[in-house]
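Engineer: One-letter residues, chain by chain:
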Amino acid sequence: MTLEGKDYGMKKGRISFPFLYLHLLSFVRLQVMKDSNRTKAEIISELKKLRLRTADLEAEQKERELMHEAVREREERLFAFFEHLGDAVYFSTRDGAIVEVNPSAVKLFGYAGRWMTHLNVKDLYDDSAEMETVQNAIDQNGSVRDYRVTFRKKDGTKMQCLLTSTVLRDSIGNVTGYQGIIRDDTELKIAEDPLKLSEEKFFRVFRSSPDWIAISSLFEGRFIDVNDAFLKHTGYSRTEVIGRTSFELGLWVDPKEREKMVELLLEQGEIRDHETKFRMKSGEILTMQRSSELIDYGSEKCMLTITRDITERKKSEERIQNLNAELQQRISELTEANRDLDAFTATVSHDLKMPLTVIGGFARVLMKAHSNNIDAAGKELLNEIQTYVGRMEKLIEDLLAFSRSGRQKMNISRVDMGDLV
Amino acid sequence: MEELRELYVGRTVEVIIQPLPPAYADYSLIHQVLVNLLLNAFKFTRQREDAAIEVACLEDKNEVTYYVRDNGVGFDAKYQEGLFGAFQQLHRSRQFGGTGVGLSIVKRIIERHSGRVWAEGKVDEGAAFFLRFQEEKVMKPTKEVSSLDN
Chain G
1 MTLEGKDYGM KKGRISFPFL YLHLLSFVRL QVMKDSNRTK AEIISELKKL
51 RLRTADLEAE QKERELMHEA VREREERLFA FFEHLGDAVY FSTRDGAIVE
101 VNPSAVKLFG YAGRWMTHLN VKDLYDDSAE METVQNAIDQ NGSVRDYRVT
151 FRKKDGTKMQ CLLTSTVLRD SIGNVTGYQG IIRDDTELKI AEDPLKLSEE
201 KFFRVFRSSP DWIAISSLFE GRFIDVNDAF LKHTGYSRTE VIGRTSFELG
251 LWVDPKEREK MVELLLEQGE IRDHETKFRM KSGEILTMQR SSELIDYGSE
301 KCMLTITRDI TERKKSEERI QNLNAELQQR ISELTEANRD LDAFTATVSH
351 DLKMPLTVIG GFARVLMKAH SNNIDAAGKE LLNEIQTYVG RMEKLIEDLL
401 AFSRSGRQKM NISRVDMGDL V
Chain B
1 MEELRELYVG RTVEVIIQPL PPAYADYSLI HQVLVNLLLN AFKFTRQRED
51 AAIEVACLED KNEVTYYVRD NGVGFDAKYQ EGLFGAFQQL HRSRQFGGTG
101 VGLSIVKRII ERHSGRVWAE GKVDEGAAFF LRFQEEKVMK PTKEVSSLDN
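Those protein sequences? They're chains G and B, same order as listed. Heads up: the first sequence at position 251 corresponds to 251 in the numbering used here, and the numbers run straight through without jumps. Heads up: the second sequence at position 19 corresponds to 19 in the numbering used here, and the numbers run straight through without jumps.
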């Protein structure tokens, strides 16, 4: 049963039951007044019919309520599915303005939830040309399934995704918008493609390396890409660097060095650990160690260069070298001073010893040969002289021993320490 | 030791000599070292009636540390640094005699052997002088000596 039937002479559309009932009653009353000449039996039969219809309508109302409930439940289920689906889902208008997204989409693209509905689908694509291709494919076929697309996160990270999208149409078939399901395929795609894998690895190294990495055209030195470490070191911004040459930036302290390097690179294909001085934006000059390789970047011959700041290391090396030289100098000075001292000690000791021997000798002679002529006090003094002479002789001997202990040639052999004692 | 005994006739000193492993060194220089250390020990135990001197060693893996210990007047640990300097005497020379060169000769000779010498002591509790030569592997006999052996 349906309310849309022509039995009631009504237009298509919804109309509430009480209103309909009143409408019918007034219609009947009008008919009664018009056809007052109709028989009572006829009127009763008419009323019976009306009661029957009323019962029908009540049943129909009940059924509609049940249907409404079913629709609501289904809507809830679909909404939960939409909210919890692991894949990103979006709805957009014909122009691409995003109308609604699910939490997975918010998570995948990294935008704050409410902001996504201010975006256009084209903001999500890495390359707007690709977006047009995809759009055309959807428009032509009504949908695309697992279409490989490169999207870009809010932070700029590129993602390989699979897009399944369908056009949304209104009741008369006009395209009103699109709905899309996006699955992030980056990891998967890399895993199955060794080339992509190595590309991804390179990209990670490029991004995270603490050393400069730059790709520049071989002959001109025009920068095509540089990593963050390059910008951090040089002090230039990306826009100041990309598209400009190293000459324009005044990076090379000696620009001729670059020409030599290009020659060498063409000859050998690679350069390892060349020391070069570079000028930063601030004017500071750093000593760097660079390694370069020839690469084909698109159709252009380019070089990939990794450069390490070794200014501090050079300074330390120089400091160590200076210190070593200084130390060596001191050692030779000290050795010489020691040699001089030993020679001096030996000579002086010998020279001191001789007159001392004479003094001691005379004192002894005086004591022995002339003891009769010397009184007790004099003898006491002579004894004192001999004691002091003896002490001085000991000192000189020790000095000589000290000098010898430093100069004597050594003969290393196995010495029995027990026997020695 | 006999020479030393002669120098100090009339003194009773108990000298204990423990078995000592051989060293690789210059014979005459190391002789000088031991003489100086023993002289030192005799000298500074003069005031003790029960004077005792011990010559021994500590062995640890590859390293041998020889030492001469006495129970003499000892020294204050804070003067340890100056002990081996030339002409440095902690005690008045009148009291014990000597010129203050002995220990500096010891130090000089041991350093020429790439070794190390140090002392431990306490006032009135004696002193010990330790010697350590460089490891045998490094200190090889010179050619002249080995040719003599042949």
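Since the hints were made in silico from the structure, they are not lab data. Each hint should be verified, as a subset may be incorrect.
[As the list claims (entries may be wrong)] Not everything, but these chain G residues come out facing chain B in the computed CB check (under 10 Å):
no.: 1; residue: Asp95
no.: 2; residue: Leu399
no.: 3; residue: Arg404
no.: 4; residue: Ser405
no.: 5; residue: Gly406
no.: 6; residue: Gln408
no.: 7; residue: Asn411
no.: 8; residue: Arg414
no.: 9; residue: Met417
no.: 10; residue: Gly418
no.: 11; residue: Asp419
[Said to hold, decoys possible] So the derived label-pair ranges between C-beta atoms look like this:
no.: 12; chain 1: B; residue 1: Asp60; chain 2: G; residue 2: Val365; range: 20 to 30 Å
no.: 13; chain 1: G; residue 1: Glu199; chain 2: B; residue 2: Lys61; range: 51 to 61 Å
no.: 14; chain 1: B; residue 1: Asp60; chain 2: G; residue 2: Ser208; range: 35 to 45 Å
no.: 15; chain 1: G; residue 1: Asn338; chain 2: B; residue 2: Lys61; range: 57 to 67 Å
no.: 16; chain 1: G; residue 1: Asn322; chain 2: B; residue 2: Arg46; range: 48 to 58 Å
no.: 17; chain 1: G; residue 1: Glu275; chain 2: B; residue 2: Ala56; range: 54 to 64 Å
no.: 18; chain 1: G; residue 1: Asp340; chain 2: B; residue 2: Ala56; range: 36 to 46 Å
no.: 19; chain 1: B; residue 1: Lys61; chain 2: G; residue 2: Thr357; range: 50 to 60 Å
no.: 20; chain 1: G; residue 1: Glu275; chain 2: B; residue 2: Lys61; range: 43 to 53 Å
no.: 21; chain 1: B; residue 1: Asp60; chain 2: G; residue 2: Arg391; range: 53 to 63 Å
no.: 22; chain 1: B; residue 1: Asp60; chain 2: G; residue 2: Asn411; range: 21 to 31 Å
no.: 23; chain 1: B; residue 1: Arg46; chain 2: G; residue 2: His350; range: 23 to 33 Å
no.: 24; chain 1: B; residue 1: Asp60; chain 2: G; residue 2: Glu257; range: 54 to 64 Å
no.: 25; chain 1: G; residue 1: Asp340; chain 2: B; residue 2: Ala77; range: 47 to 57 Å
[Said to hold, decoys possible] The following residues of chain G were derived to be distant from chain B, with all beta-carbon distances above 12 Å:
no.: 26; residue: Phe79
no.: 27; residue: Thr276
no.: 28; residue: Leu400
Ideal Cβ placement from N, Cα and C applies to all residues, glycine included.
Engineer: Hints first: check each against the structure and report whether it holds.
Structural biologist: Okay, the hints, checked on the actual structure:
Taking 10 Å as the C-beta contact cut-off toward chain B, the hint placing G/Asp95 at the interface is violated, the least distance being around 86 Å. Checking G/Leu399 against chain B by beta carbon gives a least distance of about 6 Å; that is within 10 Å, so the hint holds. Interface restraint check: G/Arg404 against chain B, minimum CB-CB distance 9 Å, threshold 10 Å, status holds. Checking G/Ser405 against chain B: minimum C-beta separation of about 5 Å stays under 10 Å; hint holds.
Annotation: interface hint on G/Gly406 holds; nearest CB of chain B at approximately 6 Å, less than 10 Å. Proximity of G/Gln408 to chain B holds as hinted, the smallest CB-CB distance being about 7 Å (cut-off 10 Å). For G/Asn411, the interface hint holds, since its Cβ comes within 10 Å of a Cβ in chain B; the closest pair sits about 5 Å apart. Restraint check, G/Arg414 versus chain B: the minimum CB separation of about 5 Å is within 10 Å; hint holds.
Interface hint at G/Met417: satisfied, since its Cβ lies 4 Å from the closest Cβ of chain B, which is below the 10 Å cut-off. The beta carbon of G/Gly418 comes within 4 Å of a beta carbon in chain B, closer than 10 Å, and the hint placing it at the interface holds. A distance limit of 10 Å between C-beta atoms decides the matter here; for G/Asp419 the minimum to chain B is near 9 Å, and the interface restraint holds. Checked against the hint of 20 to 30 Å, the C-beta distance between B/Asp60 and G/Val365 comes to roughly 58 Å, which is inconsistent with it.
Evaluation of the 51 to 61 Å hint for G/Glu199 and B/Lys61 yields a pass: the beta carbon distance comes to about 57 Å. For B/Asp60 and G/Ser208, the Cβ-Cβ distance of about 50 Å falls outside the hinted range of 35 to 45 Å, so the restraint is violated. For G/Asn338 and B/Lys61, the hinted distance range of 57 to 67 Å is not satisfied, since their beta carbons lie about 34 Å from each other. Checked against the hint of 48 to 58 Å, the pair G/Asn322 and B/Arg46 passes, with Cβ atoms roughly 53 Å apart.
Separated by about 59 Å at the C-beta atoms, G/Glu275 and B/Ala56 satisfy the suggested range of 54 to 64 Å. A hinted range of 36 to 46 Å holds for the C-beta pair G/Asp340 and B/Ala56, which are about 39 Å apart. Distance hint for B/Lys61 and G/Thr357: a CB-CB separation of about 52 Å, consistent with the stated range 50 to 60 Å. Judged by the Cβ atoms, the range 43 to 53 Å given for G/Glu275 and B/Lys61 holds: they are separated by roughly 46 Å.
Checked against the given bound of 53 to 63 Å, the beta carbons of B/Asp60 and G/Arg391, roughly 42 Å apart, lie outside it. Here the CB-CB span from B/Asp60 to G/Asn411 is close to 27 Å, well matched to the stated 21 to 31 Å. Hint check: B/Arg46 to G/His350, Cβ distance near 32 Å, so the stated range 23 to 33 Å holds. Between B/Asp60 and G/Glu257 the CB atoms are about 59 Å apart, so this pair conforms to the stated range of 54 to 64 Å.
Checking the proposed 47 to 57 Å range against G/Asp340 and B/Ala77 shows it is violated: the Cβ atoms sit about 35 Å from each other. Separation of G/Phe79 from chain B is adequate, the least Cβ-Cβ distance of about 79 Å exceeding the 12 Å criterion. G/Thr276, annotated as away from the interface, keeps every beta carbon of chain B farther than 12 Å; the closest lies near 44 Å. The beta carbon of G/Leu400 sits about 10 Å from the closest Cβ of chain B, which is not more than 12 Å, so the claim that it is off the interface is violated.
Going down the numbered hints, you'll see the structure goes against 1, 12, 14, 15, 21, 25 and 28, while the others check out.
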